[in-house]
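Student: Each chain, written out:
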Amino acid sequence: MQRSSSPEIEIDTRRADTVRRTLWYGLVVVILIWCAVIPVFDGNLSLYFAMMMWVTLATGLNFIAGFTGYMPFGYVAFYGIGAYATGIAVKVLGMSVYLAIPFAGVVGVLFGLLIAPTLRLSGIYFAIVSLSLAIICQRAIALMPEEVTGGSLGLNLGVVTVREHGYYAMLLILVAALLTASWLARSRLGKALKAIRDDAEAAEALGVNVTRSRLYAWLLATLFPALAGGTQAWFTGALDPQTAFDVLVTAKTVIYAMAGGLGTVLGPLVGTVVLVWVDELIWRAFPVLNNFLLGAIIAALILFAPRGLIGSLTRRYPRLRRYIM
Amino acid sequence: MNSVLLINGLIGGVVFGAIYALIGSSLNVLVGVLRIINFAHGEFILAGGFLTYVLLTYFGINPLVALPFAAVLFFAVGYVLYYLLIPRLAHSDEPETASFLLMFGVSLMIVSVLTWIFEADVRPINFSFDPINVLLYTVENGYGEGRDAKVLVPTARLVALAINALIIVALTWFFYRTLPGKAMRAAIMNREAVQIVGIDIHRLSATAFGLAASLAAVTGVLLTLVVPSIDPNGGADLTLIGFIVIALGGLGHPVGALAAGIIFGLVEQVSNVMLPQAAAQMLGFMILVAVIFFKPSGLFGLERGR
Amino acid sequence: MTDAILSVDGLVKRFGGLVAVNEVSFDVPRGLIVGLIGINGAGKTTLMNCVNGIYHSDGGRVVVDGHDMTNHKPHEIASLGVGRTFQIPRIFHRMTLIENLMVPVLGSEKSDAELTDMAEACLDRVDLYPLRGNNGEELSGGQQKLLELARVLMFDPALILLDEPFAGVNPSLCRIMIQQIEKMKQDGKSFLLVSHDLTSIYRLSDQISVLNQGEIIASGTVETIQSDPAVIEAYLGN
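Residue numbers (our numbering), protein chains in the order written: chain Y, 8 to 332; chain E, 17 to 322; chain Z, 40 to 277.
Looking at chain Y on its own, in the form it has when it is part of the complex (with noise of 0.2 angstroms):
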């Protein structure tokens, strides 16, 4: 049989994969020196800090929801149980904030494994019973008792914690959960997860472990906001059960991914500042309609191009694929 094919597109392929990573990783020395001369500079603080945050979530949320199709609408759970792990370890155990980020992130994986039982569930099922857990969770933190969380005005972290440190640890958080991300996408992990996504049950009859790649998928995703949610109440110095398991935070996340791009790497990124970033700019131009806009331009993302950005990107435009992760 002739070979269909010239050698020349045969090292096309591979020096695409070169091109494609040599781009990622230079884009994220680039994300971590702009963010981290910001204070030097005596930039948006907060700004920066929280579309870091968001991308974070983002990208988070992508390890599940874009490489296995699982939503899981209560993703706030792990934000919230990150921000109070850090709070309790922080103002009742005593715990240095530097130790206490590491525990939220145990924390946050434990209950990631707690809850992976979930995972049997489809569809909408997953999705209600994932959102219901956050509101269960952050009900039971309102009743504890108030010496340990603080009851339903929360706790107060401003006097032990620099504000200053909060920000690079999530700087080093998000450059963490970008390499994840890279290096997923790029692994036999991220390929099953793949797999799974498209269609389930024929990864399952070609050998891919379905249950066991979800469950790694779903750790991951747990990690990271809980990280995120601590680092958060850092920033603040402060944290209470209504903002901490603030359903907007699950829909936002999920927003600021979608319009990316579930399932690439650059998609949440894009997606997170692209939107963080109109969403600011509108609510300088309009601060009254500012949630209006917020819902028109994502309805109009899904309508139009439900793949996120760089989805539709790439579909409309298959050669793009050698340059974006």
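Do not rely on the hints blindly, as some may be mistaken.
[As the list claims (entries may be wrong)] Residues on chain E that point at chain Y, a partial pick, calculated with CB under 10 angstroms:
(1) Ser19
(2) Arg51
(3) Ser115
(4) Phe120
(5) Ser128
(6) Ala165
(7) Met290
(8) Ala294
[Claimed, not checked] Far from chain E, by Cβ distances over 10 angstroms, these chain Y residues were calculated:
(9) Arg22
(10) Leu52
(11) Tyr105
(12) Leu126
(13) Gly165
(14) Leu179
(15) Trp190
(16) Phe299
Don't read these hints as lab results, they were simulated from the structure.
From a predicted model like this one, the values you see are computed outputs, not experimental measurements.
Cβ atoms here follow ideal geometry from the backbone N, Cα and C, with glycine treated the same way.
Once you've looked at the hints, dock chains E and Z against the given chain Y.
Tutor: Below, chains E and Z alone, put in the same frame as chain Y:
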């Protein structure tokens, strides 16, 4: 004394339960027939409530008159909204998730418009019947010697309950006795098959969307009778209740939503008087999670493969 | 006892009151192609789904290469060397062709570079090499069937279950498909081939079983099946 509290809880449970059943039924039409996770459902209900508020406050129109008006108006709105939004959803990889996000966007828009017009305050609904309350039951010396405990229920709640019951009867008749109703039930079971037997799925879907919007608006009108105030930010809670009810009752199970609504209403209202507030709210969700885990087809659902 | 790669014994599958597969027994001898024919609804795909674990069967045994795999999970059965294709192609539509081919070998100890070389060679065998960087969704229906076959090639299983491999495939792609099946047979692979299209199955199969209403009504070589009155009746109706 405790028995009076309990009776109050039970009556409240039935009144709220009937409302929840109605929310569940309309949401069920969307989830079942259209596979749309309508995150804006609570806002549809609020829109009906605000229409009642405007008609009552500025034009002095009785909510009972507003009710048929809201029903027709929102049917039309829903019908048009379907053609504007839903057919394009078929282009996405996961239409269910996409529908959730789309409707989340819509809900942001509705809330934003409502708070723009009415501001973020809770608005009172100044409407009551004469007499204001109906005395249902008296426990002699219930609060100690010479002080009778009385079980009083606002007339408006009883009226709302009666209308609610009528709507549910009419809805059941519609689903089981009329052709469009039967077609919708068929579409819940198998959307593809319905198209093969010659039903225009878009017209059926638009009708279903109109019906759901209409029912949601009517629920909003009835809700102003049950709770005489309206909050532009209260939509998400109503949406959540809708999802709880349909998960309990079984997805796309028209009668299941009814029983599930009443059960959830009873649990919520009785635990409200018996437990701290946060614990009462937790209980409802814990029941939900348990039901989905141990009987994923809902309390009344038929076992289906999958 | 013959050397059977697959041995199905008294398999039963019910859907509610309907018995879709009723006490079916047959063997696939090592290195041979066994054809399973029957009209639509005879239970062919259901039987295949029971063999590779997608369905939980209600009775009987499935033995793969000497291991009792009855009601094991699909990925466990796959790891014993059972590959399959589907009646309606089930490719991974948002992954590139190369990535599609990586899925069955994710557990392999070979390096990614080696696996990529293998994947390219497999794609070349079914003439899909030039499209290797495209996503699965960008293929035509017939090409998707070939991609499924390439995925099986990559997997290199001892037993291959092919569900209607020629349905909806144009003649030139069909020729590639038959070529590859014959080549794999030369390499010592065994096949269970399900089809309702008699021409291709008569040409490829060493043995044929006829399934009708969930039961095997005849088994034997192509010649005996072709002249069996029960088969003719099942196909032409009574």
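Student: It remains to establish, for every hint, whether it holds in the given structure.
Tutor: The hints, checked one at a time:
The interface hint given for Ser19(E) is broken, as the beta carbon of that residue sits about 27 angstroms from the closest beta carbon of chain Y, more than 10 angstroms. Hint on Arg51(E) holds. Least Cβ distance to chain Y is approximately 9 angstroms, under the 10 angstroms limit. Hint status for Ser115(E): holds, given a least beta-carbon distance of 8 angstroms to chain Y, under 10 angstroms. At about 6 angstroms, the closest approach between the beta carbon of Phe120(E) and any beta carbon in chain Y falls short of 10 angstroms, and the interface hint on this residue holds.
Against a cut-off of 10 angstroms between C-beta atoms, the interface hint on Ser128(E) holds, since the closest Cβ of chain Y lies about 4 angstroms away. About 30 angstroms separates the beta-carbon of Ala165(E) from the nearest beta-carbon of chain Y, more than 10 angstroms, and the hint is not met. Annotation: interface hint on Met290(E) violated; nearest CB of chain Y at approximately 15 angstroms, more than 10 angstroms. Hint status for Ala294(E) relative to chain Y: holds, with the closest Cβ pair at about 4 angstroms, below 10 angstroms.
In this structure Arg22(Y) is separated from chain E by more than 10 angstroms, as the shortest Cβ-Cβ distance comes to about 29 angstroms. Here Leu52(Y) stays apart from chain E, with its beta-carbon at least about 27 angstroms from theirs, past the 10 angstroms limit. At roughly 32 angstroms, the least C-beta separation between Tyr105(Y) and chain E is larger than 10 angstroms, which holds for a residue marked as non-interface. At roughly 12 angstroms from the closest C-beta of chain E, the C-beta of Leu126(Y) stays outside 10 angstroms, upholding its exclusion from the interface.
Taking the minimum C-beta to C-beta distance to chain E, about 26 angstroms, the non-interface status of Gly165(Y) holds against the 10 angstroms cut. For Leu179(Y), the condition that its CB be more than 10 angstroms from all CB atoms of chain E holds, with the nearest at approximately 30 angstroms. Here Trp190(Y) stays apart from chain E, with its beta-carbon at least about 24 angstroms from theirs, past the 10 angstroms limit. For Phe299(Y), the shortest C-beta to C-beta distance to chain E comes to about 4 angstroms, within the 10 angstroms cut-off, and the non-interface label is violated.
Hint compliance for this structure: hints 1, 6, 7 and 16 are broken, all remaining hints hold.
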